[in-house]
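Going down the list, the protein sequences come from chains B and P. Quick note: the first sequence, position 121, residue 120 per numbering that gives the first Met the number 0, numbers continuous. Quick note: the second sequence, position 149, residue 148 per numbering that gives the first Met the number 0, numbers continuous.
Mixed in with the good hints there might be a few duds.
[Said to hold, decoys possible] Mimicking BS3-like on lysine-lysine, the simulated pairs with C-alpha atoms at most 25 Å apart in a straight line are:
1) 88/B x 31/B
2) 150/P x 192/B
3) 195/B x 88/B
4) 80/B x 31/B
5) 195/B x 183/B
6) 58/B x 183/B
7) 11/P x 150/P
8) 192/B x 88/B
9) 150/P x 195/B
10) 31/B x 150/P
11) 150/P x 88/B
Rather than coming from a laboratory, the hints here were simulated on the basis of the structure.
Each chain, letter by letter, is given below.
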Amino acid sequence: MFGNLAINMTGDSPSRSPETATADRMNSLLIKVAADGDREAFNVLFAFFAPRIKGYLMKIGAAADLADDLAQEAMLRVWRKARLFDPSKASASTWIFTIARNLRIDAARRAAKPALDPNEPTLLPEHEPLADAKIGIAARDERIRAAFSALPSAQYEVIRLHFIEDMTHSEIADHLGLALGTVKSRLRLAFEKIRKDLGDIVE
Amino acid sequence: MTSLSKISHHPKPETLAAYAAGSLDEARGVVIATHLSLCGDCRLAVRDFEALGGVCLEAVEPVAMNESALASFWTRAGVQERSGRTASKLAANDFELDAAHPLASYLKDGIDSIEWRAVAPGLSQHVIPAEGYRPGVLRLLKINPGVRIPKHTHGDEELTLILRGSYTDEVGDFARGDLADLDNEVIHAPLATGGEPCICLIATSAPLRFKTLVGRVVQPFIGL
């Protein structure tokens, strides 16, 4: 099923990766869901994201049935909050990641949530985007994706452990048998590289 | 209006990334969320890290959902209306703590109704319960002008966000919105400056370590 998505999408822009094409497709599906409550579009989003959210939750220790239930719950939040999705601020993957992350935090009983809702309207207006930040969100994600996959494997692994397996810096150090300082410097190097590739390091 | 450009001390990138990944303890999460409510630059940085999280999510090996998952999803969705809420534009430009502010749920009656507990001359604190699933301590500290905290370092990491007033230490000058992201390599002795008490929101993951005899004697009383 996912193969079809990728194949359908690679036709119009052969230079782009299948991942980028899939991500573009997901963005336009989520926009349809936001605009019209399009259930067909949502089913495709569900087929792509729910199994990945389930995989994410199982990686951090949720049993299969609980992960299934929480993945449904995450997709329920996607469905109900879709009108708050702002494609000029985040891609579908990013937005859904933050929803799954917040759900995981809630589920871990950090009851009064410290996480900032990215759609929270009470925030101060942001600075004008820096010149390079004006590239579209899709192009931005594509650069992040490219920078991420181009990282040396040691840096790639610490980021994966951090974002997907929910390990703290010291848990990563224990897991890999590294000094805490080494983990931090690998993360820092990886972030510097990614932000440099994005071209908008804030100084 | 707040002048955002005045913020000159920010969290380290790895701290913002940990926030985006959702791996900070609750206490530090609150401090970072509060800084973000004041700092557009850091919000942009967090957004990039969240995009990295999105890319990681795409790359997660999928685990097939239960056969009935989609059907049961639509059953659940059917009984819950979609949100019709649209974004309204409010500005949380001071610490008046409207309901959506990250600190609001911890300080129900606002920052001016806090019951401060004196811990040393010119120094008082208010401990905020924030016991997430990872240990951490969240507190507000009020330092009267001219008072200096004894020289200390930190067991692991400390985040200090200035909410009101200002202080100066070995690292630099800190004013409202500035955040000191310190580890055990920094030894400092902050001195409250300016004409009003300096109020800081502090998250620690381990007790402070005082470097001087006075500090060690004072520590049990301060409870830091």
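Tested hints:
1. 88/B x 31/B: holds (16 Å)
2. 150/P x 192/B: violated (36 Å)
3. 195/B x 88/B: Answer holds: residue 195/B to residue 88/B is near 20 Å, not above 25 Å.
4. 80/B x 31/B: Holds, at about 13 Å.
5. 195/B x 183/B: holds (18 Å)
6. 58/B x 183/B: holds (22 Å)
7. 11/P x 150/P: Measuring from Cα to Cα gives roughly 22 Å; hence the hint holds.
8. 192/B x 88/B: holds (22 Å)
9. 150/P x 195/B: violated (37 Å)
10. 31/B x 150/P: Distance of about 58 Å is beyond 25 Å: violated.
11. 150/P x 88/B: violated (43 Å)
Of the numbered hints given earlier, the model fails hints 2, 9, 10, 11; all others are met.
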